[in-house]
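Visitor: With chain A's structure known, arrange chain H on it following the hints.
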Amino acid sequence: MDIKKHFFKKFVFPKILVLDKPGLIISRNFNNLNKEAHNMRIVYSFEDFYVNLYFDTLKKLGEEKTNELWYKMGKDLGIRYFLFNGLVDFPFFKINLPLKYFQGMFTMIGMGFCKNLNYDIKKGNYVFWGNNNIISRKTQNLSYIEGIMAGVISFITNENFEARGFYDEFLDEGKIIVNKNFPKKYVPDLEFLKVNPKYRINFPPENKIHSTLYSFSDLLKFKIIQVDEEKKFYFRKHSLLPTEISLVEIISKNYFDGGEGELFRKSTINFVSELCKEVFKGLEDKNKKMKFFRNIISALGFGEIYFRRKEKNIVVDFLNPIFTEFGLYFLKSFINGFVNYFYEGNYSFDFDKIYSLGNKEYFVYEKIS
Amino acid sequence: MKREGIGIKEIDEMMEGGFPKGSVVGISGPPGVGKSIFALHFLLAGARKGQKGVYVCLEEPRKNIDNMIKGFSFGEEFYDFEKKGLIVIRCFNYSEYEKINLEILEKVYEDKKIQRLVVDSFNCFFDSLECNSEEHFNTNVRKLINSSFQYLREDNLNVLLVLENHESGLMNFDYNIPYLVDGLIKLNYLDIGIIERRIFIPKMRWTSQYKESKGYEITKKGIEVEE
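Residue numbers (my numbering), protein chains in the order written: chain A, 2 to 370; chain H, 410 to 636.
These are computed hints drawn from the structure, not numbers from a lab. The beta-carbon is built from N, C-alpha and C at its ideal position, and this holds for glycine as well. Don't take every hint at face value.
In the SDA-like style, the derived pairs of lysine to any residue whose C-alpha atoms are separated by at most 20 angstroms in a straight line are [stated by the list, open to error]:
id, chain 1, residue 1, chain 2, residue 2
1, A, Lys222, H, Lys623
2, A, Lys238, H, Glu636
3, A, Lys73, A, Thr158
4, A, Lys222, H, Ile604
If we take Cβ atoms under 10 angstroms as the criterion, some of the chain H residues that face chain A in the derived model are [unchecked claim]:
id, residue
5, Ile509
6, Tyr598
7, Asp600
8, Ile601
9, Ile603
10, Arg606
11, Arg607
12, Pro611
13, Lys623
14, Thr628
With the rest of the complex left out, here is chain A (with noise of 0.2 angstroms):
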């Protein structure tokens, strides 16, 4: 390692894993700068799912749109992930380190046009660029990414940055250029962006968590989730992304402010029915079925999930449930298309409607058809 990178990672932004128990997946960060430490609530959701959504909203809103959309979901992204260290002003002189934790912190996720940056802070232009970048590499567009960068340096500089993407011709190399003076397309609204009071509600005491499911560790030491030479985990050759869990869902709640949310739904429901159709290929057994799904949600940090059934709706009480500020659209339609597959049926729920029931929360999936 780098040793430049080792030193920003360990002194200036350390993380740490420090939780990794079934259904709850908790890293802290400590930042050197304002000496705060904060917690976050880490989930793993598919690469692929990704993917997906990006080609099913090309085709339904055609690229234009889809490029809008996606770059200010990435800048929202880049935004939200800085506010979790409490920093609102960087001063000039330290503006490296942001940026080094910035690029540690994405390129270990996947985010390969992070590896290497040149700047020029007068100027206001930043310069990315690397290869074989999460999700991109499989839409070949860069939209999200360039809105990720953009929020980055507009959160760091207190200015407002623009990004343009490059690809090489081989669609593999990338360059993604940031730059104050291009032209405003989208500035983020930092009170929704901003981090609720409630969100400790993502970590329960540690006595309080009793389960018979499996957490991320126990899949990975049982090679059920797998890890590459980059650190990068895979489920069945489906690439897992680490994010913190708002991340998630700041995304379906760009697509239903948008007027998209039952683009979102769909896509992901029909994501969830084909992974289940793959993984559950030669297993009849319903009930091995449903152990699985709930410990592969458990493993990724989303809760501890409980399905029943209530006269022609499925009920799923949560146990630790994840909480964001922007709902859980993405979490409610990924259940969704279990539901659909297991039940054999047409299901779905209402988007802004969770029971609380004591320390536990449930969502009525309700039959259609």
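Guide: Positioned in the frame of chain A, the structure of chain H alone reads:
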């Protein structure tokens, strides 16, 4: 170093061709992972080479062992070797082995034709000890283990000790077994709806063993390990 294969190619490859000749190896794992099936492979591989093997079973009646053997495609071959005297199966119930205890091992030690021995499970020996206190029990178990190993260490004898274990380690206490044995093979499984089984060799003296775990399945052929 001469090797004694256990008859499962992929597992032998994990330890440079097999157990070191004359070694005592423990195999541990929770119930249902295939420890006894592994033992059958071990005896069968020896018999195929003309080596006499003894299966000392301290827990299951003969009927259960037969049901297990019959369930595999190598069952008939196994019984052929038994008829020829190359495989000997001895099952003891609790009251029997309580009385004879180390005599079993002594007899194996005296029969120089025996080249492979399985004790399934080795933990059962401890149950037969009578003690006044836990401390006394622990001391006696250690003494018993040490005495057992005097009989088991023979240049021409390869021993496989089946060790029961649960979540927290070996069934009772692991005492000094992991230190005394020349090798330790761990079998484990995870049931997430689909059962995933894995084999890992944390210790094998005089061997540069495979450092990762490998997946395996229990089929009609016995234990089948992924490439």
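Visitor: Does each hint fit the structure? Answer for all of them.
Guide: Now for the hints, and whether the structure bears them out:
Straight-line distance between C-alpha atoms of Lys222(A) and Lys623(H) comes to about 11 angstroms, which keeps the hinted pair within the 20 angstroms bound. Restraint check for Lys238(A) and Glu636(H): the C-alpha separation of about 17 angstroms stays at or below 20 angstroms, so the hint holds. Only pairs whose Cα atoms come within 20 angstroms are accepted, and Lys73(A) paired with Thr158(A) is accepted, the gap being roughly 19 angstroms. Under the criterion of a C-alpha separation no larger than 20 angstroms, the hint pairing Lys222(A) with Ile604(H) is consistent with the structure, at around 14 angstroms.
Hint on Ile509(H) is violated. Least Cβ distance to chain A is approximately 40 angstroms, over the 10 angstroms limit. Checking Tyr598(H) against chain A by beta carbon gives a least distance of about 8 angstroms; that is within 10 angstroms, so the hint holds. Interface restraint check: Asp600(H) against chain A, minimum CB-CB distance 8 angstroms, threshold 10 angstroms, status holds. Checking Ile601(H) against chain A: minimum C-beta separation of about 4 angstroms stays under 10 angstroms; hint holds.
Given hint, Ile603(H) at the interface with chain A, holds; its Cβ is 6 angstroms from that chain's nearest Cβ, closer than 10 angstroms. Here the hint on Arg606(H) is kept, as its CB sits about 8 angstroms from the closest CB of chain A, short of 10 angstroms. Interface restraint check for Arg607(H): the shortest CB-CB distance to chain A comes to about 6 angstroms, inside 10 angstroms, so the restraint holds. A least Cβ separation of about 14 angstroms between Pro611(H) and chain A goes past the 10 angstroms threshold, and the interface hint is therefore violated.
Among the interface hints, the one on Lys623(H) holds; its C-beta lies about 9 angstroms from the nearest C-beta in chain A, closer than the 10 angstroms criterion. Because the smallest distance between the Cβ of Thr628(H) and any Cβ of chain A comes to about 14 angstroms, over 10 angstroms, the interface hint for this residue is violated.
When held up to the earlier numbered hints, the structure conflicts with 5, 12 and 14 and fits the remainder.
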